[in-house]
Amino acid sequence: MTKFPDFEGLAMFAKVAEERSFVRAAQTLGVSVPTVSRAVSRLEQRLGARLFNRTSRQLALTDFGLRLVDSAARIYAEAEMAEDAARELATRPRGLIRLAAPMDFGIRWLAPILPDFFELFPEVSIDLHMSDAVVDIVGDGFDAALRIAVLPDSSLVARRLAPVDRFILAAPAYLEQYGVPQHPRDLAAHHCLGYAYRARQDAWRLRNSEGKEEVIVPSGSLRATNSQALVPMALRGLGIIELPEFLAHDYLVDGELRPVLPDWTLPTGALYFVTPSARSRPAKVEVLSDFMMARLSNPVWRRRS
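For the record, in the sequence shown the residue sitting at position 17 is 17 according to the UniProt record's numbering, with numbers rising by one throughout.
Take the hints with a grain of salt, since some may be wrong.
Unchecked claim - Pair ranges (Cβ atoms, derived): (1) 33 / 83: 42 to 50 Å; (2) 130 / 33: 57 to 65 Å; (3) 259 / 297: 19 to 27 Å; (4) 112 / 259: 19 to 27 Å; (5) 226 / 294: 51 to 59 Å; (6) 229 / 3: 43 to 51 Å.
Derived by calculation from the structure, the hints in this document are not laboratory data. Please read these numbers as outputs of a predicted model, since none were measured by experiment. Beta carbons are placed, not taken as given, at the ideal position from N, Cα and C, and that holds for glycine.
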């Protein structure tokens, strides 16, 4: 005999005892009378004693049933409360969200909008993990992540928030000293700074309007796991860098960095809100997803003026 308790049988026994009727208990539970009768009979057989004395007109608890009914009723009530609490948690935005985001994007664009989110949803808290390394959302126990990529991980559910272009940039001083590259192949003779966490390899894949593609592996004095760490070198005129537009925006507007090879483009990526699954996603994650869409689908970095 299994050691796992017959919770269904105990619940139906408690409801029959409360209603003093198999018919009314079945109506309250939303099941058939035979279903209730079988559950109670199964419980009696499992326990080895009768729970009710039944006649055509009357239903009464046996002495054994009287000793068990309070415990069964308490189990039933606690199960109802547990379900109600879980249902409220699933439909009401509250609780902790473990969120992963790229370091530079998190500091520059995510952190400034979080106060607005917390004002809207004061019962939600966020444990924000910022790193340029791609985290294992499922394995590391994250509820969601912001990712910037050309294509999202197909094993996850990704909501596309906004496109993210990428630029090859250099300071005016660098271009004056070393010359302006006219073709991607010219970059082989320049100081090109590398980013270590590129999805495939540290390569710049450029394509022109005619569909021709050139792949350049940057070679220079600095390679870093964080794009922002490359910016001071570029601003000093010591190298050419590749930046996503959410980082490049301010430097382009101020004129501190200029596009290199404007007739050639890098693959356009996108900002994604990624979760392990779209099914039964708790309300706290749903409202965060909607908030990110509202605030980041038309970002400042897309506005060139």
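Hint-by-hint comparison with the structure:
Against the hinted window of 42 to 50 Å, the Cβ-Cβ separation of residue 33 and residue 83 comes to about 24 Å, which falls outside the hint. The hinted range of 57 to 65 Å is satisfied by residue 130 and residue 33, whose Cβ atoms lie roughly 59 Å apart. Look at residue 259 against residue 297: about 25 Å separates their beta carbons, and that is inside 19 to 27 Å. Against the hinted window of 19 to 27 Å, the Cβ-Cβ separation of residue 112 and residue 259 comes to about 26 Å, which satisfies the hint.
A C-beta distance of roughly 28 Å is found between residue 226 and residue 294, which places it outside the suggested range of 51 to 59 Å. The hinted window of 43 to 51 Å between residue 229 and residue 3 is violated, with their beta carbons roughly 59 Å apart.
Hint compliance for this structure: hints 1, 5, 6 are not met, and every other hint is.
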